[in-house]
Amino acid sequence: MEITGFERGAVCLLNEDKTMSLSAQIGLSEERVKNMSSRKIEVGECLCGNSAEIGKPLILRNRDEILSFVKKEMKIEEEINFHASFPLLSRGKCQGVLCVSTTKENKPEERILNLIEKVSPFIATAIENAKLYKEKLEFSKTLERIVAERTKELREANIKLKELDRLKSMFIASMSHELRTPLNSIIGFTGVLLQRLAGELNEEQERQLKIVQKSAKHLLELINDIIDISKIESGEIRLSLEDFDLTELVREVCESIRLEAEKKNLKMIENIQEGIIIKSDKRRIKQILNNFVSNAVKFTDKGMVGISLSKEDDRVSISVSDTGPGLMKEDLEKLFEPFNKILIKSRPPKEGTGLGLYISKKIANILGGEISVESEFGKGSKFTLTLPLKGA
Amino acid sequence: MKKILLVEDNEANIYLMEFLLRKNGFDVTVAKTAKEGINYAFSESFDLILMDIQLPDMDGLEAVRKIRKSEKGNRIPIVAVTSYAMTGDREKAISAGCSGYIEKPINPETFVKEIQKFIF
Numbered sequence: 001m002e003i004t005g006f007e008r009g010a011v012c013l014l015n016e017d018k019t020m021s022l023s024a025q026i027g028l029s030e031e032r033v034k035n036m037s038s039r040k041i042e043v044g045e046c047l048c049g050n051s052a053e054i055g056k057p058l059i060l061r062n063r064d065e066i067l068s069f070v071k072k073e074m075k076i077e078e079e080i081n082f083h084a085s086f087p088l089l090s091r092g093k094c095q096g097v098l099c100v101s102t103t104k105e106n107k108p109e110e111r112i113l114n115l116i117e118k119v120s121p122f123i124a125t126a127i128e129n130a131k132l133y134k135e136k137l138e139f140s141k142t143l144e145r146i147v148a149e150r151t152k153e154l155r156e157a158n159i160k161l162k163e164l165d166r167l168k169s170m171f172i173a174s175m176s177h178e179l180r181t182p183l184n185s186i187i188g189f190t191g192v193l194l195q196r197l198a199g200e201l202n203e204e205q206e207r208q209l210k211i212v213q214k215s216a217k218h219l220l221e222l223i224n225d226i227i228d229i230s231k232i233e234s235g236e237i238r239l240s241l242e243d244f245d246l247t248e249l250v251r252e253v254c255e256s257i258r259l260e261a262e263k264k265n266l267k268m269i270e271n272i273q274e275g276i277i278i279k280s281d282k283r284r285i286k287q288i289l290n291n292f293v294s295n296a297v298k299f300t301d302k303g304m305v306g307i308s309l310s311k312e313d314d315r316v317s318i319s320v321s322d323t324g325p326g327l328m329k330e331d332l333e334k335l336f337e338p339f340n341k342i343l344i345k346s347r348p349p350k351e352g353t354g355l356g357l358y359i360s361k362k363i364a365n366i367l368g369g370e371i372s373v374e375s376e377f378g379k380g381s382k383f384t385l386t387l388p389l390k391g392a
Numbered sequence: 001m002k003k004i005l006l007v008e009d010n011e012a013n014i015y016l017m018e019f020l021l022r023k024n025g026f027d028v029t030v031a032k033t034a035k036e037g038i039n040y041a042f043s044e045s046f047d048l049i050l051m052d053i054q055l056p057d058m059d060g061l062e063a064v065r066k067i068r069k070s071e072k073g074n075r076i077p078i079v080a081v082t083s084y085a086m087t088g089d090r091e092k093a094i095s096a097g098c099s100g101y102i103e104k105p106i107n108p109e110t111f112v113k114e115i116q117k118f119i120f
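Protein sequence lines, in the order shown, are assigned to chains A and B. Letter by letter, the first sequence follows residues 1 to 392 in the numbering used here. Letter by letter, the second sequence follows residues 1 to 120 in the numbering used here.
Since the hints were made in silico from the structure, they are not lab data. Wrong hints could be hidden among the right ones.
To be verified - List time: in silico DSS-like cross-link candidates among lysine-lysine, alpha-carbon distance up to 27 Å:
hint, chain 1, residue 1, chain 2, residue 2
1, A, K107, A, K56
2, B, K92, A, K231
3, A, K379, A, K329
4, A, K286, B, K23
5, A, K131, A, K93
6, B, K92, A, K168
7, A, K56, A, K131
8, A, K390, B, K23
9, A, K362, A, K168
10, B, K113, A, K282
11, B, K23, A, K217
Please build the complete structure, drawing on both the sequences and the hints.
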């Protein structure tokens, strides 16, 4: 202001709603500043509003010009003899107005006015930048607030989910228990009857009882699988690790399926290494191997089922191969998904829950091992369980 | 004739196990509560106790601990009839002093063979 020689000057910013706010001033009366800064100023309320509206400088060089321009509703400061307002245009958009005025009689130099006009776009750019910066700050604050809110919501949702998960596991555990109790009677007494412990049976009775037995066992298998899955998924599965003779266990599994294999005229080829002692969960390994051999016998109609056990360094491999229908490439990855039997197209669906391999793979991982599969469509499949020799 | 104490509250289960055991030549005594079972264990001699885990008056494993504390029940084989559904039931059964466990539902084809392993 010193350079320009004006004793009054102000910068008003144009708001989005076409009102103006006093942003900076010098030389205005206290009363006027108070009045202007406490509220939004309507465009047209003062002289400078005009240049904001038309986007061009407004220069009123003497009292008469001022008075002729002033409308009734305008409040102008008394005794002004010169008024100049310059729109602050940045990229064609009016950011506000810079106005200067004086009560002095001597006229300001033309070059000063030119200078102000020339610098006004720079001021406008600076204002716009400041606005953008402020917006950016506000935006990042808003973002921070949103992130904090979302984090809180997520945390709460997570707690709820955990609680739901716990309830789900509890529900499944007690539901399964309740479902198994009546099965105890169904499986138990059909077994008693089929063993002729309660007397002779005719052919029809035997056939019907066998259907009851088979269905009940299938139901039991499903319930057991669901319990296993809920245990695996809730991380509740408990391993009981012990040293045991894996060779013996593999032989036991072979024996358990031999009768089934013979019924289907399948040859059983065993290639089992002697005396392998392993530290692992015997019951769980048996569960996986039972799944392998029962699948092999179930899906193979002619040829053979092969079981091999071998040790290499600190790992053991147990493979079960068959000359069954094999699997197409696209079915291989679906094999380990729950309820896989509805997903797999390469072979006709057989009895079973479709959960066995899913559970086996999970358990194998928990035991520190893995399950792999090789298969050629039309030729057969080979499932291999690899386990560490010493514990999970 | 080998004597078996069957501690079990479910009527259908009692009928089933008792039937299977008698058919296979065992002498069966039934107790429907844990207290009754403990009393039998202290007053009579058995070759085996089959203990259900969920009993109306007391946890079956608590009953096993009580029996194990006595001189008489110290060496008798006790087989828990556990439910597969509950995580850790088997481990709990063994640490309570059971000699073994059989899962419910029992397999009527193998049940007798399984318990025979525990009888001296």
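Going through the hints against the structure:
Proposed proximity of K107 of chain A and K56 of chain A is supported: the alpha carbons are some 21 Å apart, at most 27 Å. Proximity of K92 of chain B to K231 of chain A is assessed by CA-CA distance (about 17 Å); at most 27 Å being required, the pair is judged to hold. Our distance criterion of 27 Å between C-alpha atoms is met by K379 of chain A and K329 of chain A, whose separation comes to about 13 Å. For the hint pairing K286 of chain A with K23 of chain B, the CA-to-CA distance comes to about 31 Å; that exceeds 27 Å, so the pair is violated.
Annotation: proposed proximity of K131 of chain A to K93 of chain A holds, straight-line Cα distance about 13 Å (limit 27 Å). Among the hinted pairs, K92 of chain B with K168 of chain A is consistent with the structure: their alpha-carbon atoms are about 23 Å apart, no more than 27 Å. Restraint check for K56 of chain A and K131 of chain A: the C-alpha separation of about 22 Å stays at or below 27 Å, so the hint holds. Between the alpha carbons of K390 of chain A and K23 of chain B the distance comes to roughly 45 Å, so the proposed pair goes past 27 Å and is violated.
As the CA atoms of K362 of chain A and K168 of chain A are separated by approximately 19 Å, the hinted pair is consistent with the 27 Å bound. For a cut-off of 27 Å, the pair hint linking K113 of chain B to K282 of chain A stands: about 20 Å separates their Cα positions. About 23 Å separates the Cα atoms of K23 of chain B and K217 of chain A, which keeps this hinted pair within 27 Å; it holds.
Hint violations for this structure: numbers 4, 8, all remaining hints satisfied.
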